[in-house]
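Input sequences plus hints: build the corresponding full structure.
For the record, the sequence lines run as chains R, Z, L and E. First residue of the first sequence: 1, per the working numbering; consecutive thereafter. First residue of the second sequence: 1001, per the working numbering; consecutive thereafter. First residue of the third sequence: 2001, per the working numbering; consecutive thereafter. First residue of the fourth sequence: 3001, per the working numbering; consecutive thereafter.
Careful, some of the hints might be misleading.
Distance condition first, Cα-Cα at most 25 Å in a straight line; then the derived DMTMM-like pairs of lysine to aspartate or glutamate [claimed, not checked]: (1) K2129(L) - D2077(L); (2) K1340(Z) - E51(R); (3) K2340(L) - D1093(Z); (4) K340(R) - D1093(Z); (5) K2129(L) - E2105(L); (6) K2340(L) - E3084(E); (7) K340(R) - E1051(Z); (8) K2340(L) - D1083(Z); (9) K3340(E) - E2084(L); (10) K2294(L) - E2178(L); (11) K340(R) - E3084(E); (12) K294(R) - E174(R); (13) K3340(E) - D2083(L).
These are calculated hints, taken from the structure and not from any lab test.
There are 4 protein chains.
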Amino acid sequence: MNARSNDPSAARPGRTGVWLVGACGGVATLTVVGARAVARGLRPPVGLLTETPPFSALELPAVADLVFGGHEVRDTDWVRAADEYRRRAGVLDEGLLAALRDDLEAASAQLRPGFLVNPSPAVRALAAKGRTARARTPREVVAGIQADLRGFVERNRLDTVVVVNVSSTEPPRELPIEWATLERFERSLEGRTRAAWTASVLHAYAALDAGFPFVNFTPSPGSTIPALVELALARGVPHMGSDGKTGETLVKTVLAPLFTGRALRVLSWEGYNMLGNRDGLVLDDPRAKASKTKSKDAALRSLLRDGGAHTRVTIDYVPSLDDWKVAWDYVHFEGFLGAKMAMQFTWQGNDSVLAAPLVLDLARWAALARARGESGLMTHLAAYFKSPAGVDEHSFVRQLALLEAYAGRPRAGSSSRARTPGR
Amino acid sequence: MNARSNDPSAARPGRTGVWLVGACGGVATLTVVGARAVARGLRPPVGLLTETPPFSALELPAVADLVFGGHEVRDTDWVRAADEYRRRAGVLDEGLLAALRDDLEAASAQLRPGFLVNPSPAVRALAAKGRTARARTPREVVAGIQADLRGFVERNRLDTVVVVNVSSTEPPRELPIEWATLERFERSLEGRTRAAWTASVLHAYAALDAGFPFVNFTPSPGSTIPALVELALARGVPHMGSDGKTGETLVKTVLAPLFTGRALRVLSWEGYNMLGNRDGLVLDDPRAKASKTKSKDAALRSLLRDGGAHTRVTIDYVPSLDDWKVAWDYVHFEGFLGAKMAMQFTWQGNDSVLAAPLVLDLARWAALARARGESGLMTHLAAYFKSPAGVDEHSFVRQLALLEAYAGRPRAGSSSRARTPGR
Amino acid sequence: MNARSNDPSAARPGRTGVWLVGACGGVATLTVVGARAVARGLRPPVGLLTETPPFSALELPAVADLVFGGHEVRDTDWVRAADEYRRRAGVLDEGLLAALRDDLEAASAQLRPGFLVNPSPAVRALAAKGRTARARTPREVVAGIQADLRGFVERNRLDTVVVVNVSSTEPPRELPIEWATLERFERSLEGRTRAAWTASVLHAYAALDAGFPFVNFTPSPGSTIPALVELALARGVPHMGSDGKTGETLVKTVLAPLFTGRALRVLSWEGYNMLGNRDGLVLDDPRAKASKTKSKDAALRSLLRDGGAHTRVTIDYVPSLDDWKVAWDYVHFEGFLGAKMAMQFTWQGNDSVLAAPLVLDLARWAALARARGESGLMTHLAAYFKSPAGVDEHSFVRQLALLEAYAGRPRAGSSSRARTPGR
Amino acid sequence: MNARSNDPSAARPGRTGVWLVGACGGVATLTVVGARAVARGLRPPVGLLTETPPFSALELPAVADLVFGGHEVRDTDWVRAADEYRRRAGVLDEGLLAALRDDLEAASAQLRPGFLVNPSPAVRALAAKGRTARARTPREVVAGIQADLRGFVERNRLDTVVVVNVSSTEPPRELPIEWATLERFERSLEGRTRAAWTASVLHAYAALDAGFPFVNFTPSPGSTIPALVELALARGVPHMGSDGKTGETLVKTVLAPLFTGRALRVLSWEGYNMLGNRDGLVLDDPRAKASKTKSKDAALRSLLRDGGAHTRVTIDYVPSLDDWKVAWDYVHFEGFLGAKMAMQFTWQGNDSVLAAPLVLDLARWAALARARGESGLMTHLAAYFKSPAGVDEHSFVRQLALLEAYAGRPRAGSSSRARTPGR
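Now the structure itself:
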């Protein structure tokens, strides 16, 4: 975070857009349904850290003031997606969806066809019957995205819009030379769409270039490549990523300090994840899975310090689980006098249910940072991510301390930083 | 902590006594065996946080400089207790005990018959064939303990001695009026031994009154009653308690922040503990068990804040487990949009193996505090206790931050504070 | 089983009544909802062993031919009970209940106010706002029940009616002297209602005396007391009990043969059950709980043969689980050369969902036995019960072999055995 | 089983050889140590089903009459192997090994260098520093094995010798055309050693051809290929396989009938196995692992009947576990009215401890069958195997019923069948 407003009277942001890339997936759909349910008082704000002290005292945009839109490559909308989700995962009930039907229909008017950029076969299959936007060059993709964002702002008279990437995980890749600096990046945008380009990177560029905060909730590269870190500072926009920390990795980053804090030697930490949703299907592509397991394993390895532990992260597709994730971890450790002991846990969570309130929190934090005139990586949000850009700390509790420090710190900076968002 | 030495050159403490009340129980026996195994380089110091950075840079007494003694009511010594432990729990091996036989025999010469003070039936049974010290009044018990401690110091030319209570848990009781102030306490010492008196309290008094640091590793009252908190300040001695945090409660205090840090609502947290050692037998007395479950449950309830969670702590005696503890916890929680999710863990640990290095750590910390001239509650040691006296923080990671702050803080205070210990 | 029809052409029973004592509890409600859902083809018959080969080839009454009625002490009906269940346990969905609304309303017309006989405080509380039938003596209770049953048969032109007790568990008691023989039993019926009488016994008497098969799905005494075993033979009526085997005990009786079949020595088998429904509330009464844990533990102890194992069954009320049962069992065992090993399992089931198809199966089996002219204990149904009357075999797989043998055995006996049910 | 002695007075076999292929691996070493410990009364016969009623009443060779020998490719013996095992796995203790030292030394004199036949890289590595027997053609391997067996019989004046394969798992392969009939098999033995040949097949041939019973405790092909099934009948020798059922698969074949016996629909059954011994290292070769997972999965799929379940068997190498196996299985199932439920179990066993008594049982059963003059597959031993040759039944309890039937059945057959073993 490079600078922030010194104006403590900066008004709470007003109507704030949340633009979801991958708008009708499970996470995005629950984000929209949940925000409206909370806004209408139909459900308590469980899961929203921003609604609890001391954070609730900050000038975050109200949940009721969030306006949703997004890109989606499949032929669906939030009414249909929510109903499909209800039938599959048993989380939403018919009564709630009936009560929110008008809200979801209205919101669905903000949906726009998504852009396919070097999609994986699984994503291509999802999009097969969908409506996708056409573009021949990376520059055209960017232009298309920005047009959609500006239309969204204007139609809804928004103060700002936070772009959140919740689309399917992209395969990992070596950093292309074009992404090393902003200058190279922008030059290559003019060429033809090549293998290097991915949807997450182009959305990140489009958002930051237009002055909109960007949050990357997936392990895809998004805004955390050097060229875009540079761009965010150049344009004075806040951004953060990567990969929302929702389930097994959250538990790991909570639990690992037990062992280091007692000087116990972790011999093996084996993690088995089973999930059954579209995400699981996409992750059945070994390349996409590699992104995810790398992100999950890195946090643990960082926390254990001692390089001697044998660690493993397995992700398996188990269709009957639908949107539920079951993870079993076995921790084999050595204590005093060579005694071997063990701890195991089973986590049974619904990934979308766990992720959706984080998306809302992140959008609100990004809007606050924007209003305060902050730019660059929002490192105080590390607790939300498996791979928090610019932060070495992986202990969840210590990451929360960063957020508490941010919340408590009087805002500093020059008065000249107030910017009109989205211009 | 009320005062500390301003002399940064205060020498590392030299030969430091560790006086164990309940000297031949599992925890104490492993403490002695382990200290010698580490001192002789036969085992790595796994489990000793004080041997890891940044703490290892402090002027703690070396493990090799610790000298052990203690009170024991049973007829045994460390050679026999270690061998019995090996056969029961499968932790120590014959080769190690053979290598340490001389050390354990020499140490056993420092053992003294324990004092029975209103013992529970289980403790009375343990002591039936043992050698116990005789005393008619509380004052005589105190005098006897102090004579034993002074003899220990003199025989071994110790810089100081830290008294650590690792004896069986005493039943909980209302605070007797005699314990409310030091003046009342000391007056009533002269009377006859009555129901109010307990071994942990008289040992704590004897230690602090003689200027020796006291650490209460059990949930018994020990030094944390008002009269003795007053005494520690009056005599300028450091002390701390209560109840070493080794197993299921440690996991709980590591894990609970996951839920509060994600604003998830814990509906139920049910903890089932099974253990099979002498401690388990003593805890089969419902009154002793009440002390323990109260201490275990309080930490969790404090961490969850929201009073709405249903919590339970059950401790059952399962003889076949011997010194191993198996705990299963089930956490039922609600997330966004009312979705109910669950996490469960199974902890399979050896309580004595987990506790022994904490006893060594605590003795070293207490010796450091003594050398620095600090007095009163060592609140920076909260991470070691289920019920840390004078500390409201139960999150293990935040408690560790207190210790790190203490370790990093330059020592302050007047140069006149250097005291001769044990006077 | 004492006699059976020799007429292999005995027709499949026609319209068969199922009279549920405790008619609007979870088990009974799911029984009725499920039967109608299966009958209408809205749900597959998962859970009904009678719908799978080789049993489906027998002349069991069709699910669509089952007609439901019952006694209930609370003021509710199957429409309301099903809706309440849906909201609580998340099993039924609104669409299904809408489709079955007419069926459930029609069925609810068969409900009759229940009889309170020495109710426990918890049952009394449930009945407080309900409609209960009045009777001054045991004989009047019996007469009232029989009148209800005969009315049910006549209104619906039933071939027979099977009475199934699914009401709350009664506290255990010593066998009263009045229950030792049929003659004493019937004599004492004329006296005043005394402490000895319980609802399950009077319903069992009423059913058997009127020629209706009786199935006791609870651990209450029901028809398995000596006087009623005698009555069933005297009247030539089949009956069976006690205590449906649905969850943790089912797992135990499946799993225990692993250890005996490998000559492994079970050291400890500790079972912890958590449940949150009305049943759990009633079981919070320690006396009712004793019935249940005794029934659960006995099956395991029988299977382990070796009396040396330490066994425990704990049942705890955890409100947030509603109708779900979570059980954790830890099995500590010794193998060759003294090695200690362990197995643990967690069972997460919905008790009513597991029980309801068993009730349907049992009603169909009882109707078949009635049609075949069999009388006395239906020992071939042992696999359905925690405490199968008249059967020492607790291994689930061996119990299933009994059922398979029954299903395969050609029916023997005289052609004259065709009886008019309900006399 | 094709024929058996009609002489009910057939004497209990006398001194019986047990020839272990893979003689100093964990399973074989514990077999020898355990047999001697039981024979000398130093350990109870826990784990030996043959020592429990009704089997203990049969004329099985006494444990004390078993004489051990075997082939081993590494440079070790039973004294060293037992000591290595003790240090690694924490099962054997020094006292026991000291008491058995003379026995183990004497037994080690019977060890012979093993034959390498197309070894996997892992096996080749194990053998690198060992002593292996030389042979240029399959026929020479067979001749060498038979010479070793005959020497063993003669040196020890044995009634018979049972050859048990407990060596490392061989990769799966298509059935070579040479193995389809005995005639082809024997013809090709004369040629050069080619890829098709494996150690398990040549040991099986050598044993059966020489009239010695053969038991294949591994998933390698062994004696269950068509040519050798033919050979066993031709020579009138009993044999059986494959793949001892010790851990997770045992639990699966015990547990699966719970679901089918309640007509519950298994949606997914995911099994994760972790192990750390030499076997785990060999299984890290994906081809060897394929043999194992196929054998493990097939039993479950057979038991579940309904092809709809998603099943998975994963085996991972976790070095810190040494000879311990930890398996976690998650069973997701559907019950009545579409409710989804789950069961999970964790198995923590020591594979060699579990396997060794099975090896002893199998050797005793094979000796009994030999003495009774039985030949061909010993299908009554199905309960001991993951892939019982010639048996479709995988339910452990039903398999045990086969063994009980065998034990109870009066022996039938012609008096002429008494054969001199080993000719």
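A quick look at each hint next to the structure:
About 14 Å separates the Cα atoms of K2129(L) and D2077(L), which keeps this hinted pair within 25 Å; it holds. Note on K1340(Z) and E51(R): the hinted pairing holds, with a Cα-Cα distance of about 20 Å set against a maximum of 25 Å. Of the pairs offered as hints, the one joining K2340(L) and D1093(Z) holds, with about 17 Å between alpha carbons and a cut-off of 25 Å not exceeded. Straight-line distance between C-alpha atoms of K340(R) and D1093(Z) comes to about 13 Å, which keeps the hinted pair within the 25 Å bound.
This hinted pair checks out: K2129(L) and E2105(L) have alpha carbons roughly 21 Å apart, not beyond 25 Å. Proposed proximity of K2340(L) and E3084(E) is supported: the alpha carbons are some 19 Å apart, at most 25 Å. This hinted pair checks out: K340(R) and E1051(Z) have alpha carbons roughly 20 Å apart, not beyond 25 Å. Pair hint K2340(L) plus D1083(Z) holds up; C-alpha atoms about 19 Å apart against a cutoff of 25 Å.
Restraint check: the Cα-Cα separation between K3340(E) and E2084(L) comes to about 19 Å, which is no more than 25 Å; the hinted pair holds. At most 25 Å may separate the alpha-carbon atoms for a hinted pair to count; K2294(L) and E2178(L) meet this at roughly 23 Å. With a C-alpha separation of about 18 Å, the suggested pairing of K340(R) with E3084(E) holds against the 25 Å cut-off. Distance check on the hinted pair: K294(R) and E174(R) sit about 14 Å apart at the alpha-carbon level, within 25 Å; holds.
Between K3340(E) and D2083(L) the alpha-carbon distance is near 19 Å, which keeps this suggested pair within the 25 Å criterion.
In the structure shown, no violation is registered for any of the earlier numbered hints.
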